[in-house]
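Trainee: For the record, the sequence lines run as chains A and B. Sequential numbering from 4 applies to the first sequence in the working numbering. Sequential numbering from 260 applies to the second sequence in the working numbering.
Just so you know, the hints here were simulated from the structure itself, not pulled from any lab data. Given the structure is predicted, the values throughout are model-derived calculations rather than measurements. Glycine included, C-beta positions come from ideal geometry on N, C-alpha and C. Hints are supplied without guarantee of correctness; some may be wrong.
[What the hints assert, rightly or not] Restraint ranges, calculated between C-beta atoms of paired labels, are given here:
1. P13/A - A261/B: 30 to 40 Å
2. G32/A - S266/B: 28 to 38 Å
3. L372/B - S61/A: 37 to 47 Å
4. G4/A - R323/B: 17 to 27 Å
5. Q48/A - W281/B: 16 to 26 Å
6. R368/B - S115/A: 35 to 45 Å
7. K55/A - N297/B: 27 to 37 Å
8. G64/A - G344/B: 36 to 46 Å
9. A20/A - Q339/B: 40 to 50 Å
[Claimed, not checked] The list that follows gives simulated cross-link-like pairs (lysine-lysine, DSS-like), each with its CA atoms no further than 30 Å apart:
10. K108/A - K275/B
11. K270/B - K108/A
12. K80/A - K59/A
13. K108/A - K337/B
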Amino acid sequence: GNSVTQMEGPVTLSEEAFLTINCTYTATGYPSLFWYVQYPGEGLQLLLKATKADDKGSNKGFEATYRKETTSFHLEKGSVQVSDSAVYFCALSVSQAGTALIFGKGTTLSVSS
Amino acid sequence: EAGVVQSPRYKIIEKKQPVAFWCNPISGHNTLYWYRQNLGQGPELLIRYENEEAVDDSQLPKDRFSAERLKGVDSTLKIQPAELGDSAVYLCASSPGSHNEQFFGPGTRLTVL
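Here chain A stands alone, though its shape is the one from the complex:
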């Protein structure tokens, strides 16, 4: 079946530290991959996406590269800020299985100054 596994949190970093949140997937067919972010008290927001192998999604200093050979889509940021504190969800969609998103469990990031 289709599934997403992401590293468990919480992840606690100091401001300006490097961030990596690991995400691996299992999918039938060729999935599109996403990172969503949920800030406290707000709804899920799309952070970035990649629709085919070797694509790199990027937004707000965050990046993730679609790696088909390792079935991974790790989220990275070179220098985190306090305002990046949120819950991050890795997700995939496979058109053969409809267009619903399949999410990982989420990783809580806490950045302190």
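Chain B: place on chain A using the hints.
Mentor: Below, chain B without anything else, positioned relative to chain A:
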């Protein structure tokens, strides 16, 4: 542009009571999704609508859950009767089409006592 609107934001009920959630999608968005997010988990699809037609309801527990999207705009999700295990956040999302970015509402947090 207004985002996806959901109400109520919070609901506390006793088990065996009925409850209903309402969603107003972004204007012009034909596709509407209901997801359920259990504590510490990622969202999971309950039902997807294309206009007024439910095209994927395979994950909806039909013995107690029902949904409708009259006129292909607003949608209501109902639980009757509610059980303790239904405590979760119910998220509504919409997109211009089934293969476009999904925009999420803030969710309704349901607590069943």
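Trainee: Does each hint hold? Answer for all of them.
Mentor: Hints and how they fare:
| no. | hint | in the structure |
| --- | --- | --- |
| 1 | P13/A - A261/B: 30 to 40 Å | holds, 33 Å |
| 2 | G32/A - S266/B: 28 to 38 Å | holds, 37 Å |
| 3 | L372/B - S61/A: 37 to 47 Å | holds, 45 Å |
| 4 | G4/A - R323/B: 17 to 27 Å | holds, 25 Å |
| 5 | Q48/A - W281/B: 16 to 26 Å | holds, 21 Å |
| 6 | R368/B - S115/A: 35 to 45 Å | violated, 27 Å |
| 7 | K55/A - N297/B: 27 to 37 Å | holds, 31 Å |
| 8 | G64/A - G344/B: 36 to 46 Å | holds, 39 Å |
| 9 | A20/A - Q339/B: 40 to 50 Å | holds, 49 Å |
| 10 | K108/A - K275/B | holds, 29 Å |
| 11 | K270/B - K108/A | holds, 24 Å |
| 12 | K80/A - K59/A | holds, 13 Å |
| 13 | K108/A - K337/B | holds, 25 Å |
Checked against the numbered hints above, the structure violates only hint 6.
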